[in-house]
Every structure is written in C-alpha cells, then in structure tokens.
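Asks: If you're matching them up, the sequences are chains B and C in order.
Residues 48 to 192 (this note's numbering) are what the first sequence spells out, left to right.
Residues 1056 to 1245 (this note's numbering) are what the second sequence spells out, left to right.
Hint data in this document are derived by calculation from the structure and do not stem from the laboratory.
In this text, all values refer to a predicted model and were calculated from it rather than measured experimentally.
Honestly, I wouldn't trust all of these hints.
Only pairs whose alpha carbons sit at most 30 Å apart, straight line, appear in this in silico DSBU-like list of lysine-lysine [as the list claims (entries may be wrong)]:
| no. | chain 1 | residue 1 | chain 2 | residue 2 |
| --- | --- | --- | --- | --- |
| 1 | B | 151 | B | 184 |
| 2 | B | 176 | C | 1112 |
| 3 | B | 189 | C | 1084 |
| 4 | B | 175 | C | 1118 |
| 5 | B | 176 | C | 1103 |
| 6 | B | 175 | C | 1105 |
| 7 | B | 184 | C | 1112 |
| 8 | C | 1100 | B | 175 |
| 9 | B | 176 | C | 1100 |
| 10 | B | 176 | C | 1087 |
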Amino acid sequence: MINTLMLIDDENLFHLVFEDACSLLDIALSIEALDSSDEADKKFKAWFPDDPDHERPECVFVDLNIIGSSYDGIEMIRKVNYEYGNGCVIGIISSSSDPEEIEKAKKVGAQFWIIKSDDIEPRLEEFKKDYEGYVSKKAPFKVYD
Amino acid sequence: MIEITEHTRNVLLEVAKRKKIFVEGNFLKILKAPKGDSEFETYLKICKEKDSEARRKRLEVTKQVQAQNKQLEAKQKENESLMFDLQSALEDSESSKAEAEKLRDDAVESLETLQKKTQFELVGKIVKIALIVIMGVGLITTALFAYTLVIGQENPILESTWSNLFGILLTNSFSIVGTIMGVKYATGDK
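Modelling step: build the complete structure from the supplied sequences, incorporating the hints.
Replies: Okay, structure coming up:
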C-alpha cells in the first residue's frame, strides 16, 4: 500500500471520489489533495533542495488541465522529474485521451496515464497491481482506459 | 501496523458497546489486534465494514453529484448555444425587417414618382391640347382677319375679336408659363 499519495486536480468533487476509491481499494494510507499545480510546486520547492529528508509523497497523480494554475499536468511532471529530482512515481489522471498529450507526458517522464471516468475503481485497481513496477522503474508507461 | 495497549483496547470496545461509536478512516488500516484477541479482531472487522459502507455510500453520492454537475454544465452549454441562436435569429429578423422597410419605402417612392409622372404627362397633354386649341383659334381668327384685309371689307367685330383674342392669349401664355415654372421650381429639389 502507498503511504503518502498526492493528487493535483482542480475539481474538488473528484478529490472526494478519488479519496474514497483509494480507501476502499486499499491503495493509499494518506492522500493529500491539492487543487492547483502552483500549490504543489511550492511544496516541492520547499522539499528540494532545502529539506530533502522531508516526508514527501511516494506517488503523485496530476490532472492534465488544471484550471486556475500557471501550468498544466505535463509541465508539473517535467518540473518534478527534472527540477526537483524527487524520484516519486508520477503520472497523469485526466478525462482526456489525446494521443499527442499522452506522448508529451511520456517524454517528460510520466509513468502512467489514467483516464478519468464515472467508473474509476477498476483502473485504480489495475494501477495498484502495477504499482511496485513503477516504484522499481521496471514497469513500462501504461494508459489505463 | 500499530498494536494497541490493553487499556486502549478496552476503552475502544467499551465506547463501541455503550455509545455505538467506532474507529473510522484510514487509521483503521494501521491498527492491529493483539494475537489471539478474537473480540478485538471482530471489533476491527466491524469498524472496517462500517467505514467501507460509509465510504461506498459517499462515493456513490459524490459520483451522482459529479454526474449531475456534468449534466448541468452540458445543459448550460446547450442553453448558451440556444441563446446564441436566438440572438442571431433576432438579429436576422431585425435586418429582414429593416430590409422590408427599405423595400416598402422604395416602393412608395416609386409609386409617388409614377403618380407624379402620370400627373405631369396629363398636365403636358392638357397644355398641348390647350395650346393647339388656342393656336387654332388664333390662326383661324388671324386668317379671317387677313382675309377681310385682303378683300378690303372692314369688319369691326372681327378686328375687336382678333385684338381681344391676342390680348387674352398673351396674358394666358404668361400665366401658363409662370405656372409651369412655379411647379418646376417647387418640385425641382425632390
């Protein structure tokens, strides 16, 4: 089970859906839900390099289009992977399935792409099975649709 | 995993029994019953079942609200599109109305022009006939007067008639010319 998971999504109702689904599926013990990439960026900036030992999320789910934020999910992943060097499992959770965007996400180091829908649980369950592979960086990029 | 103390265990069981209050949330996932303590194991199982049930219900409701929100957003977009269509239809009807009014004005103007043209033609005809009649009478009287002069037979009635007639013709000619000029001046700018 993931100890700490971060969700970055502008839709507050989805925070509730995600938290409940993760709890029911025993995916994560603690979930921090943020509604803007700027807020997430501030946190990552504080952790790296000033406080690298700070308990940081093991896994990050980022929405593709985050309304009210300075940058989208792909840019957020690029920042986490290349500027902060967190090394956490990171990927996109979005209702979009645009192949171009998926390719962009892959290029900046996203490990997965989960397509949001009314029935998110089966996808999260499948993600849970693959999670260890993402931690060891052995699992290939995967789209959960 | 956290294995709880005897005292905490007893308190939790007591609270559950007396007040029906159970531990809930993700904290449950790190709680562990002491080995062989089937009572506390059952308690944890009940807690987890209650928590799962509550979460399942909340998830269902949240999903319903989410779906309703999506429907509302779609309806709002549909309404906006309808409003836009309505607005453009209104604008089209206003432009059609303006066009129809312009056509009506053009038709009225054409009709007025036609009426004026007809009136002018009528006036022209009347003037032409009047001129023919006047000139005919003038010519006949002049011819008769010339004839009497040639044959040397004086006729005072014919003389006075001829002079009167020319006087009248001259006066009336100026009057007619004046009227025509006046009418032309009055309608010239329109």
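Asks: Next, verify each hint and record whether it holds.
Replies: Comparing the hints with the structure gives:
| no. | hint | result |
| --- | --- | --- |
| 1 | B:151 x B:184 | 19 Å, holds |
| 2 | B:176 x C:1112 | 25 Å, holds |
| 3 | B:189 x C:1084 | 29 Å, holds |
| 4 | B:175 x C:1118 | 21 Å, holds |
| 5 | B:176 x C:1103 | 22 Å, holds |
| 6 | B:175 x C:1105 | 23 Å, holds |
| 7 | B:184 x C:1112 | 36 Å, violated |
| 8 | C:1100 x B:175 | 23 Å, holds |
| 9 | B:176 x C:1100 | 24 Å, holds |
| 10 | B:176 x C:1087 | 24 Å, holds |
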